[in-house]
Amino acid sequence: MTPAIKNTALFALVFGLILATGFLQSWNVALGILNMGLISAIMALGVNMQWGYAGLFNVGVMGFVALGGLGVVITSMAPVGEAWAAGGLRVIVALLTGAGTIAAAILAWKRLKRHRGLAVTAILVVGFFVYRWLFDPAVAAIEAVNPAREGYLGGLGLPVLLGWVVGGLLAAGAAWIVGKVALGLRSDYLAIATLGIAEIIIAVLKNEDWLSRGVKNVIGIPRPVPYEIDLQNDPGFVERAQAWGLDPVTFSSIAVKLAYAGLFVVVLLALVWLAELALNSPWGRMMRAIRDNEIAAEAMGKDVTLRHLQIFIIGSAVCGLAGAMMTTLDGQLTPGSYQPLRFTFLIWVMVIVGGSGNNWGAVLGGFLVWFLWVEVEPLGRLLMELVTAPMPEGFWLKDHLLESAAHMRLLTMGVILLLVLRFSPRGLIPER
Amino acid sequence: MDLLNAIVALLNFVIIPATAYGAQLALGALGVTMIYGILRFSNFAHGDTMAFGTMVTVLMTWALQGWGVSIAPLPTALLALPVGIVVTAALLLGTDRVVYRFYRARKAKPVVLVIVSMGVMFIMNGLVRFIIGPDDQRFADGARFVINAREFKQWSGLDEGLALRTSQAITIVTAVIVVALLFWFLMRTRTGKSMRAFSDNEDLALLSGINPDRVVTITWMIVAALATVAGVLYGLDKSFKPFTYFQLLLPIFASAIVGGLGSPVGAIAGGFLIAFSEVTVTYAFKKVAGYLLPEALEPEGLLQLLSTDYKFAVSFAILIIVLLVRPTGLFRGKAV
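Top line first, the protein sequences correspond to chains A and B.
Numbering of the first sequence is given in our numbering, commencing with residue 47 and proceeding in unit increments.
Numbering of the second sequence is given in our numbering, commencing with residue 20 and proceeding in unit increments.
Hints in this document: simulated from the structure, not taken from any laboratory.
This one's a predicted model, so the numbers in the text were calculated from it and none came from an experiment.
Just so you know, not all the hints are guaranteed correct.
To be verified - Straight-line distance between alpha carbons at most 16 angstroms, and here's what the computed EDC-like set of lysine to aspartate or glutamate pairs gives: (1) B:Lys128 <-> A:Glu254; (2) A:Lys252 <-> B:Asp328; (3) A:Lys262 <-> A:Asp280; (4) B:Lys126 <-> B:Asp222; (5) B:Lys330 <-> A:Glu189; (6) B:Lys172 <-> B:Asp328; (7) A:Lys262 <-> A:Glu189; (8) B:Lys126 <-> B:Asp115; (9) B:Lys305 <-> B:Asp21; (10) A:Lys262 <-> A:Glu196; (11) B:Lys260 <-> B:Asp155; (12) B:Lys128 <-> A:Asp234; (13) B:Lys128 <-> A:Glu340.
Based on the provided sequences and hints, a complete structural model is requested.
Right, here's the structure in full:
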């Protein structure tokens with residue numbers, strides 16, 4: 047069997063699984079899996095660029111995904127005029143002061159010959175207090191504006207699709223900062239640094255209510271596709287649904303999901319196309335050469351740290367884009383729902399299972415692992431019902447096992463990851 | 020008088036909590052650093068190992084409480100601790116046999132082992148949630164305070180109370196004992212010396228007839244003990260919630276790296292450095308300043324540098340500074 051046939055068969059298998067879900071469970075669930083599968087595939091592509099092309103160990107995917115979501119909010123939500131009047135300008139001046147302080151400290155560290163530790167400390171301390179003096183009252187003023195519904199600055203009121211670009215750019219900016227600091231150190235350190243920055247980004251989103259409403263969540267983000275209710279009120283749509291013998295309510299939600307799927311497919315295919323072009327270009331060969339032997343590549347005159355920074359930013363921007371798409375699909379930003387196991391380590395499982403270094407592998411892994419993540423829960427419950435069937439009703443172990451079935455998915459993901467690493471370490475679709 | 024009040028307030032809200040937290044971090048970081056030094060990879064499953072050990076101890080504590088066994092005023096969990104250590108050691112040795120040994124035999128790259136430890140992390144995390152659930156569990160019993168704030172006020176006549184919780188006292192005492200035992204073992208016993216030799220130069224150690232399997236087995240057993248003790252102490256001091264333990268991974272790794280990966284002394288220093296900075300930066304100094312400064316200068320704000328929600332940022336910032344200024348860590352670890 048040639049690799050091409052094998053790969054097609056693998057993709058056919060995954061889409062067969064999703065189709066089977068449609069026939070056996072419901073088309074809503076199947077399309078839900080497809081849409082999140084598409085987004086997961088893009089996240090996996092981003093991680094694959096960093097890990098598969100360049101061997102960079104990024105375990106802060108969650109942070110970049112969340113920043114993508116923030117990008118959608120600050121682009122597409124309507125601006126809150128009252129909040130801007132209350133303290134918008136002051137917040138921006140405060141943030142610029144903060145950034146200026148850090149820039150001045152870095153400049154001082156680089157330029158000064160003597161007493162630079164003292165000078166940097168002085169700049170940071172003074173800058174911090176000026177920043178807090180500017181920042182705190184402005185935030186209090188903004189958060190006091192109609193806190194039940196607003197209490198934040200809102201966005202720019204631009205089209206939501208533009209938010210996807212902004213989300214990618216925000217993630218790229220954060221990646222630039224992390225990369226500047228942590229790249230060039232050993233790989234474990236990059237891992238811990240990205241783990242840290244992800245936690246900090248989530249903490250910012252949870253606590254800076256003026257920016258993202260924190261744990262009060264931003265809801266009602268504008269959609270790039272029509273609303274179900276509008277479709278149901280559209281006589282032409284209802285007529286068509288009835289002509290096909292479908293219930294208009296069900297059909298409207300399926301139509302909306304299909305519209306999202308169409309958008310996501312376009313983005314995914316464009317990204318895969320670009321990624322394949324890049325991978326097979328001289329640039330891609332250089333990246334793999336650096337990954338396989340850094341010292342040799344350096345001896346050939348390649349700037350390893352710069353190239354690492356480049357790919358780190360690109361990969362993180364792709365993760366940010368996926369995060370923005372996810373927030374658009376959900377229609378809300380819920381900072382409390384970002385968990386590292388789900389948004390960082392699960393993506394890693396996707397990349398490893400699919401095949402690191404191969405873009406199609408990452409895409410396949412994204413679909414397959416997401417399918418399993420969703421479907422393991424009902425399957426686990428089924429399994430537990432089978433296991434506990436002989437036990438008497440009301441027996442404590444029976445209740446406990448049935449109750450805990452939801453946690454089966456973490457276990458399953460770990461087992462899958464270990465099995466793939468052990469028996470097929472190059473993944474389902476290995477690097478060519 | 021004001022000065023005394025200020026000192027007591029500082030002791031009560033900064034020094035005592037930070038010391039207890041630092042001891043817990045140091046024990047966690049010691050486990051990470053041991054694995055790094057001898058097995059040569061960063062173990063991402065360490066937070067969940069701590070959670071697993073604590074879970075076994077919690078279950079045992081509940082069983083003991085059910086049987087009416089008690090060592091009041093000390094918490095029953097101390098009695099259950101050995102069981103937790105033994106079960107965790109069995110789990111880690113089993114994991115090593117089933118998972119890690121294969122990669123060790125093939126001399127896999129460290130980063131592969133890190134990814135493998137991610138898989139182990141998923142499984143342990145799932146196991147803990149499966150058995151005890153994702154919720155908060157309290158298992159501390161016995162006397163709550165060694166020094167009670169109200170009694171201290173009456174005794175000393177100060178405005179400021181000083182409280183020392185039993186869990187904090189136990190944490191500090193246990194940590195001292197465990198660290199002393201560990202260093203005695205590493206420095207004085209034959210096995211400990213062979214472990215240090217193995218960590219310093221694997222080839223040379225093998226050449227001089229040290230049995231690598233024995234070294235690895237003993238390392239996992241020590242790591243199980245350290246992780247369980249750290250987890251139980253943290254759980255007694257705060258509370259047991261699986262997700263919190265997973266999040267402890269960051270400050271623990273920061274401690275180990277700041278101290279120098281692979282260096283036990285460094286892990287302890289790093290733990291205290293991270294803990295003290297976290298608590299100091301997130302503590303509102305209004306009260307202390309109120310005692311020390313004349314009334315006219317009394318501050319209006321809370322004098323809190325960062326809200327407690329950003330405590331991760333503190334470990335992160337220290338980590339970055341140390342990495343930039345001294346990449347091998349304070350105590351010259353093995354990492355380059």
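Do the hints match the structure? See the list:
Between Lys128 (chain B) and Glu254 (chain A), the direct Cα distance comes to roughly 41 angstroms. Violation of the 16 angstroms bound is thereby established for this hinted pair. Proximity of Lys252 (chain A) to Asp328 (chain B) is assessed by CA-CA distance (about 9 angstroms); at most 16 angstroms being required, the pair is judged to hold. Distance check on the hinted pair: Lys262 (chain A) and Asp280 (chain A) sit about 34 angstroms apart at the alpha-carbon level, beyond 16 angstroms; violated. Under the criterion of a C-alpha separation no larger than 16 angstroms, the hint pairing Lys126 (chain B) with Asp222 (chain B) is consistent with the structure, at around 13 angstroms.
Among the hinted pairs, Lys330 (chain B) with Glu189 (chain A) is inconsistent with the structure: their alpha-carbon atoms are about 23 angstroms apart, more than 16 angstroms. For the hint linking Lys172 (chain B) to Asp328 (chain B), the alpha-carbon distance of about 31 angstroms lies beyond 16 angstroms, and the restraint is violated. Proposed proximity of Lys262 (chain A) and Glu189 (chain A) is supported: the alpha carbons are some 12 angstroms apart, at most 16 angstroms. For a cut-off of 16 angstroms, the pair hint linking Lys126 (chain B) to Asp115 (chain B) stands: about 14 angstroms separates their Cα positions.
Restraint check for Lys305 (chain B) and Asp21 (chain B): satisfied, since their Cα atoms lie roughly 14 angstroms apart, inside the 16 angstroms limit. Note on Lys262 (chain A) and Glu196 (chain A): the hinted pairing holds, with a Cα-Cα distance of about 10 angstroms set against a maximum of 16 angstroms. Pair hint Lys260 (chain B) plus Asp155 (chain B) holds up; C-alpha atoms about 5 angstroms apart against a cutoff of 16 angstroms. Under the criterion of a C-alpha separation no larger than 16 angstroms, the hint pairing Lys128 (chain B) with Asp234 (chain A) is consistent with the structure, at around 12 angstroms.
Taking the CA atoms of Lys128 (chain B) and Glu340 (chain A), the gap is near 15 angstroms; set against the 16 angstroms cutoff, the hint holds.
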